[in-house]
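Protein chains: 2
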Amino acid sequence: MDKLIIIKIGGNIIDDESKLSLFLRDFAAINANKILIHGGGKLATRLAEQMNAPQQLVDGRRITDAATLKIVTMVYAGYINKTIVAQLQANGCNALGLTGADGNVIRAHKRVHATIDYGFVGDVDSIDVSLLTTLLRQGLCPVLCPITHDKNGQLLNTNADTIAQEAAKALSALFDIELIYSFEKNGVLLDVDNENSVIKKLTVAHYSELKTEGKIFAGMIPKLDNAFSALKCGVKKVIIGKAEEIQELLNGDKGTSISHD
Amino acid sequence: MDKLIIIKIGGNIIDDESKLSLFLRDFAAINANKILIHGGGKLATRLAEQMNAPQQLVDGRRITDAATLKIVTMVYAGYINKTIVAQLQANGCNALGLTGADGNVIRAHKRVHATIDYGFVGDVDSIDVSLLTTLLRQGLCPVLCPITHDKNGQLLNTNADTIAQEAAKALSALFDIELIYSFEKNGVLLDVDNENSVIKKLTVAHYSELKTEGKIFAGMIPKLDNAFSALKCGVKKVIIGKAEEIQELLNGDKGTSISHD
Numbered sequence: 213m214d215k216l217i218i219i220k221i222g223g224n225i226i227d228d229e230s231k232l233s234l235f236l237r238d239f240a241a242i243n244a245n246k247i248l249i250h251g252g253g254k255l256a257t258r259l260a261e262q263m264n265a266p267q268q269l270v271d272g273r274r275i276t277d278a279a280t281l282k283i284v285t286m287v288y289a290g291y292i293n294k295t296i297v298a299q300l301q302a303n304g305c306n307a308l309g310l311t312g313a314d315g316n317v318i319r320a321h322k323r324v325h326a327t328i329d330y331g332f333v334g335d336v337d338s339i340d341v342s343l344l345t346t347l348l349r350q351g352l353c354p355v356l357c358p359i360t361h362d363k364n365g366q367l368l369n370t371n372a373d374t375i376a377q378e379a380a381k382a383l384s385a386l387f388d389i390e391l392i393y394s395f396e397k398n399g400v401l402l403d404v405d406n407e408n409s410v411i412k413k414l415t416v417a418h419y420s421e422l423k424t425e426g427k428i429f430a431g432m433i434p435k436l437d438n439a440f441s442a443l444k445c446g447v448k449k450v451i452i453g454k455a456e457e458i459q460e461l462l463n464g465d466k467g468t469s470i471s472h473d
Numbered sequence: 213m214d215k216l217i218i219i220k221i222g223g224n225i226i227d228d229e230s231k232l233s234l235f236l237r238d239f240a241a242i243n244a245n246k247i248l249i250h251g252g253g254k255l256a257t258r259l260a261e262q263m264n265a266p267q268q269l270v271d272g273r274r275i276t277d278a279a280t281l282k283i284v285t286m287v288y289a290g291y292i293n294k295t296i297v298a299q300l301q302a303n304g305c306n307a308l309g310l311t312g313a314d315g316n317v318i319r320a321h322k323r324v325h326a327t328i329d330y331g332f333v334g335d336v337d338s339i340d341v342s343l344l345t346t347l348l349r350q351g352l353c354p355v356l357c358p359i360t361h362d363k364n365g366q367l368l369n370t371n372a373d374t375i376a377q378e379a380a381k382a383l384s385a386l387f388d389i390e391l392i393y394s395f396e397k398n399g400v401l402l403d404v405d406n407e408n409s410v411i412k413k414l415t416v417a418h419y420s421e422l423k424t425e426g427k428i429f430a431g432m433i434p435k436l437d438n439a440f441s442a443l444k445c446g447v448k449k450v451i452i453g454k455a456e457e458i459q460e461l462l463n464g465d466k467g468t469s470i471s472h473d
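Line by line, the protein sequences are chains A and B.
First residue of the first sequence: 213, per my numbering; consecutive thereafter.
First residue of the second sequence: 213, per my numbering; consecutive thereafter.
Careful: at least some of the hints might be erroneous.
A pair holds if it fits inside one copy or across any two, identical chains being indistinguishable in the list.
Stated by the list, open to error - Straight-line Cα separation of at most 20 angstroms, EDC-like style, residue types lysine to aspartate or glutamate; simulated pairs:
1. 448 x 388
2. 427 x 407
3. 254 x 396
4. 435 x 473
5. 444 x 421
6. 363 x 229
7. 363 x 238
8. 435 x 329
9. 435 x 421
Rather than coming from a laboratory, the hints here were simulated on the basis of the structure.
Given the structure is predicted, the values throughout are model-derived calculations rather than measurements.
Only chain A is shown next, with the shape it has when bound in the complex:
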């Protein structure tokens, strides 16, 4: 099977213009099938302030009312996605930006929760691999933003880590997938205050131990749960590390490699 590299970049790099430029140059240079998935960043929050649309967070998730959905659609699908696509094009990478609504690539449903109304937050139902595969086979690089739809006309705000994981799982029947979650740290850290304490290889057993010992910090748990879930569903390799070191992550020289055993 052909290799496919799926990279998710987080908000911190999107907020830093020069870091983002360097990352996109490195990303464009990767000589393989590839998909980029980007998160949000602070621009949506700043725009909401300018528009006097107050933001609410519950468990680190934005409550997406109608005004917020409009703002994140503008910022994620519009400004961030197209800025990334234009820069990749300038670097010789034939990028094409997509929300889940485009070509019905990611269908989701409005989150159902017993006590919290998340508003227009979407949980992924299905990924249509046929369009993604067609684009990849034509040498294009899909750039996914965290906006999906319910196929009934409703756009939905969806977690980018989840999109990365679901896309990786769905495409694992067709490609050998390496999934990279990049964020602001060097990798999964044994000591959250020490950037040099990167765990080189994290197995299911080790992860359970660290969770029991309370050594894995809160924000990492959904990311790692996502990573192990992806491995279980056919993804070949999951790596967590810094976007600035993408080549080293791919080479196995840096970051944390997630594995079953």
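Let chain A serve as the given structure and place chain B on it in line with the hints.
Only chain B this time, still in chain A's reference frame:
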């Protein structure tokens, strides 16, 4: 050759949620290869006001400074494009939204003008028909917004009428093209104050006469110049009329049909 219907909708219908919904339902029902091109609408202007970014117009064209480019990218490529795509998907039309940067579909250059600095306004250099053709052959409906790029990383604000015309010309070697410019009037009017004075068929000779007599109002001239230029370059049919009457325009029952002779 297969038929391809290219429809451009203007700002007035985009600003009217219920009219837009009806139009998209009708558009989705067209049983042929089709491309939709949309303009801007008032939302960008309103957002600019909220963000205290003053807008300048010269000859009816927005002067696009960096703040305005960010706003139009958010509104055109983000909110409007994705709202349209999601609604078309709900109506069973497999729409996929694109800026000119996506898949390098429309390459443009920053406008050069002797006396006016238009800022980040782009004039079209080339349309890449291969991706559009691939998408159409897969049953997808491209939805183009009026944002292009220069392939050097710069997004550009581009007139939607021009994009429609250039796309129609470029694709005319591969498809029998019907190009529809829809706007707020019933068609090209002999008397601008009388909606019943639609010119059913407008030829080059008649158009010249009307221009000489000063009977064609200012805003129509670039639209009609575009239309005749498209015909000259291989487009089979150009129709101008109301978006609310799309089926009648396609049937030849309403609107103005533009022809050489």
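Comparing the hints with the structure gives:
In this assembly of identical chains, the alpha carbons of residue 448 and residue 388 lie at most 20 angstroms apart only when taken from the same copy (6 angstroms versus 47 angstroms across copies). Taking identical chains as interchangeable, the C-alpha atoms of residue 427 and residue 407 lie at most 20 angstroms apart only when both belong to the same chain, with a minimum of 14 angstroms there against 73 angstroms between chains. With identical chains, the CA atoms of residue 254 and residue 396 are at most 20 angstroms apart within one copy only, with a shortest distance of 14 angstroms there and 39 angstroms across copies. Within a single copy, residue 435 and residue 473 get their C-alpha atoms as close as 18 angstroms, which meets the 20 angstroms cut-off; across copies the closest is 66 angstroms, which misses it.
In the homo-oligomer, the alpha carbons of residue 444 and residue 421 lie at most 20 angstroms apart inside one protomer (19 angstroms), although the nearest pairing across protomers, at 73 angstroms, exceeds that limit. Taking CA atoms no more than 20 angstroms apart as the test, residue 363 paired with residue 229 passes between copies only; the shortest distance there is 18 angstroms, against 34 angstroms inside one copy. In this assembly of identical chains, residue 363 and residue 238 lie within 20 angstroms of each other by CA distance solely across copies; the values are 17 angstroms between and 35 angstroms within a copy. For a Cα distance limit of 20 angstroms, the shortest separation of residue 435 from residue 329 qualifies neither inside one copy, at 23 angstroms, nor across copies, at 48 angstroms.
Taking the shortest Cα distances, residue 435 and residue 421 sit within 20 angstroms of each other inside one copy (17 angstroms), while across copies they are farther apart (69 angstroms).
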